[in-house]
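Work out the full structure, taking the sequences as your base and the hints as a guide.
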Amino acid sequence: MPVMEAPTDPRPSAAPRATPGARVGVLVVDDQAVFRDAARELIDATPDFVLLDEASSGEHALALADCVEPDLVLVDVWMRGMDGLATAERMHAAHPSTVVVLISVADRCDLPAGVASCGAAEVLRKQDLSPALLRRVWATHRGDP
Amino acid sequence: LDLDSRSGGEALRPAQHLRDASLSRAAPWAAIGCCLAFAAAALLRTAEDVRAPVIVADLAGVLLPLAVAAFQLRRDPANRFARLSIGVAMLWAASTLTQSDDSLLYTLGRASYWVYLAALVYLMLSFPEGTLSAARERRLIALVAGVLVVLALPTLLVAQFPTPIPVASCGTDCPANAFALTSHNPAFVDNFIFPLRNLLTVVVYAGAAATLVDRARVGGVVTRRLLAPVAATATAGALSMAVYLGSRSADLSGTAATVVGDITLFLLPAIAISFGVGVLLQRLYVADLLERLARDLTSHVSAQELRRAMAHAMRDPELEIVYRTAGPHGRWIDENGWPVAAPLERRGRAVTEVRSDGYLRAAIVHDADLAAYRDVVAAACSYALTALENERLADELAASLRELSMSRARVIAAADRERRRIARDLHDGAQQRLVALRAKLGLVSERSQEEAPPIAASIKRLEDDVDATIDEMRAFARGIYPALLGQRGLSDALRAAGRSAAVPTIVDAGGLSRYPPEIEATVYFACMEALQNAAKHARGLSGVAVTVSENGGLHFVVSDDGAGFDPDTVRDSAGLTNLRDRLAAVGGTLEIRSAPGAGTQVVGDIPDARATRRRLWQTPAARA
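Line order of the protein sequences matches chains A and B.
Using the numbering used here, read the first sequence as starting at 150 and increasing by one per residue.
Using the numbering used here, read the second sequence as starting at 27 and increasing by one per residue.
For the record, the hints were derived by calculation from the structure and aren't laboratory data.
Since we're looking at a predicted model, the values are computed, not measured.
Possibly wrong hints are sitting among the right ones.
[Stated by the list, open to error] Sample of chain A residues facing chain B (criterion: CB under 7 Å; computed from the structure): (1) Gln181; (2) Val183; (3) Ala187; (4) Glu190; (5) Leu191; (6) Asp193; (7) Ala194; (8) Pro196; (9) Phe198; (10) Leu201; (11) Trp227; (12) Ala262; (13) Pro280.
[Said to hold, decoys possible] Just some of the chain B residues that point at chain A, by a computed CB distance under 7 Å: (14) Arg464; (15) Leu469; (16) Ala509; (17) Gly512; (18) Asp518; (19) Ala522.
[Stated by the list, open to error] Lysine to aspartate or glutamate pairs mimicking EDC-like chemistry, simulated, CA-CA at most 20 Å apart: (20) B:Lys486 to B:Asp497; (21) B:Lys466 to A:Glu203; (22) B:Lys466 to A:Asp180.
We put the CB at the ideal spot given by N, CA and C, even for glycine.
Below you can see the structure in the form of structure tokens.
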């Protein structure tokens, strides 16, 4: 019996998933259509990033993630029903290799204490989002479980 | 409280009537005097040959009825029954003339004795009012009068008196009838009139006793007590009368006739005593009534308890109390507040009205038997009503305060809901559009740096403007209602507020559970107000500590280490007054503790924080 075997999983959780040159699949989760539109425009304008899908609730996002397997998920903190923290926590538990980023209008200090421990890689202000910021976030956290 | 009753007090009379009244008041006393003198004279005259029981009966038959009559006259000078009693005592005194050896006096005594026997029946039946109330009684008296007029008095003209009577001391050897026109009795008088008279006398006395027993049996609480002794004595009297007349017709001067005859001598004194005992029992009942009422009525009495106490005290389980609502369109309501028909007198039930300050307040529907005691009933009831009124006023005050506090709480809760809605609308609407605008502007900005550098600077300035607008709007929305408070509760909201406060702030509010929104908002805004006050007013301030803890309810303290002040000399600011109101509305309290040089502590307490929602939306109807 072989003592060591190569991992059978083609995408081990610890390994970088988006190899250089491959595009980063993004899932946007926000109950506000206005912002989802803005996010779509932003991602379209960002080279190497592609919008896989949009979700208007946490529950919808978790179901979509199982199908589209996003690399990066942008989750709004304040949502009706399941809020951003709960969504981020479950998303991270179900897809450990996916980079989950919480987004909000509020400053970090106006956000719940739980944002640090819910599995989100980063917390960003919506108004600060730009192609450059997306690339930086991805560069920092890519492959980070 | 003044009292009133349907029977009312005495109507005012003209002066003429007053003079008549005083004359008629003196008459019975004069009669009493005559009676006593008459009895004394009769006794002195015949003392040597009269048997002891007869002497005792002579005196008792005069003195006891007079004593009872005097007792009644003292309380009520117009008492008709007392006058009747005196009349009967006078007849009894006249009957003792039969103890005389003189033929004329003896004859007058015999005639008086007949009238006495008839009057005694009337006296018994007319107790206690002095009048006959029932047809049955009037029929009986008609029979008595018939016997007297047809069978007794006419025999004065024809008959000798062969039979002894108990009150006379002569036995079978008595003076002759002074009025007799014949020396021998016609046979039909001896064989028909006398036996018939004796029989009817027994029938009349038995009928009177039966009537009294019946009245006592069907009578109400008071009547029973009043009549029972008289009914018992009348029964015993009727029995002894029957036995005496029976034994006398068997053997004129036998021992049985003499002994039972002596017993019948004491009929009048015994009746007088039972009148007295009846009146006494009735008095005891009234005293007992008041005592029971005083014992049963505590200072906190409900309408139901009042009714129970009155029913118990008056021994009238069916007693009802109905209340008159105040105002020009007053209605009658029962003890539970339901409208009821106006109380009416009906068979066996009387109505006594209770007034206070000239207004009709209540009516008691009670045993008609107590009608004679309306004063007592009304006094007892008005006393009790005072207690009830006090209790009701206290209840009303408490209820209106409760209602006020609840309506204030509802207003505040409604305002809170509106604030949450506005904050949410801002977040979902304008704020999101601005943020989307800002993100798109970022894209344009990035592109312009590569494609149109000259306008890139202008676009950068636009970005800054939009950022500032977003920040302002965010601060505005947070001031209206922090999203964090609604979403995550007090712990997170207070921590966030502490982080962005204008003065260094330590927040110790970890692990608080969730509370109804009006409670969380109250505590949050109270802490914010205190925090702002500290930042604004506390000189020499280095920091503020906010502590919120759960101790069954919610307890919070905002303390600063500023200069402090003397709370007695500084009036509450509008903000602080508002805070007190807010806390009061959810059943909480707010206290400011401060002293010069000792900093300031704002201490709030909501003891029943979880129940607030339930209390707040409970309608008065549901509560009742």
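When the structure is checked against the list of hints, which entries are broken? Sort them ascending. Going through the list in order, the structure violates hints 6, 8, 9, 10 and 17 and respects the others.
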